[in-house]
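Sequences are here, hints too, so could you generate the full structure?
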Amino acid sequence: MEMQDEVRIPAPRDQVYAGLNDPEILKQCIPGCEELVKHSDTELEAKVQLKVGPVKAKFGGTVTLDPSNAPERFSLSGEGNGGMAGFAKGGADVELEEDGDETILRYNAKADIGGKLAQLGSRLVKSTSQKLAGKFFENFKEVMSEKNGA
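Counted the way this note's numbering counts, the sequence shown spans residues 868 to 1017.
Don't read these hints as lab results, they were simulated from the structure.
A portion of the hints provided could be inaccurate.
[As the list claims (entries may be wrong)] So the derived label-pair ranges between C-beta atoms look like this:
1) G1001 <-> D933: 23 to 31 Å
2) R973 <-> Q895: 20 to 28 Å
3) K923 <-> A885: 30 to 38 Å
4) E912 <-> E869: 35 to 43 Å
Since we're looking at a predicted model, the values are computed, not measured.
Idealized CB from N, CA, C, for every residue including glycine.
Right, here's the structure in full:
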C-alpha cells in the first residue's frame, strides 16, 4: 500500500524538522499513541492503540530515522506488532521545502500489513491509513501553529 500527500505547515523548516523529532510533540499528534520513547537521535519506540474496522489492537513498535539529508529530506522506517491483530511495517520519505515563513511537507509512504488486518480488505485498510495520516498531520499542523504563535 502506498500513500502520498503534501501539507503546508505554518512554521519555518528548522522548527518543523525539530517538531518531527520531538517525542512530546509526536505523542500529541499520533492518533492512539499511549507511549513514545526516544532511545537515540535515530530510534523511537511507540505503543499505539488503533481500531481498523472491527479489529482493535495495541501495537508496539520501533521507528528508525535516517537524517543523512536533513532538514531538507529524511526517511524513516518502522515496524509494529499487534499480536493477534497482525503486524505492520513500512517507511516514508519526507521532504521539507521552505516557502517564506511556512514549510511544505511532502511524504511518500509504503506499508505492508499481515494477520487479521490484511484480511479486512485493502480498501478499508487504505482508507483507515489515510484517515490516520490526515489526523496526524492535522494535529501536527495545529501544534506547530501554536508553537510558532500563529
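Do the hints match the structure? See the list:
no. : hint                       : in the structure
1   : G1001 <-> D933: 23 to 31 Å : holds, 24 Å
2   : R973 <-> Q895: 20 to 28 Å  : holds, 22 Å
3   : K923 <-> A885: 30 to 38 Å  : holds, 33 Å
4   : E912 <-> E869: 35 to 43 Å  : violated, 25 Å
Hint 4 alone, counting from the list given before, is not met by this structure.
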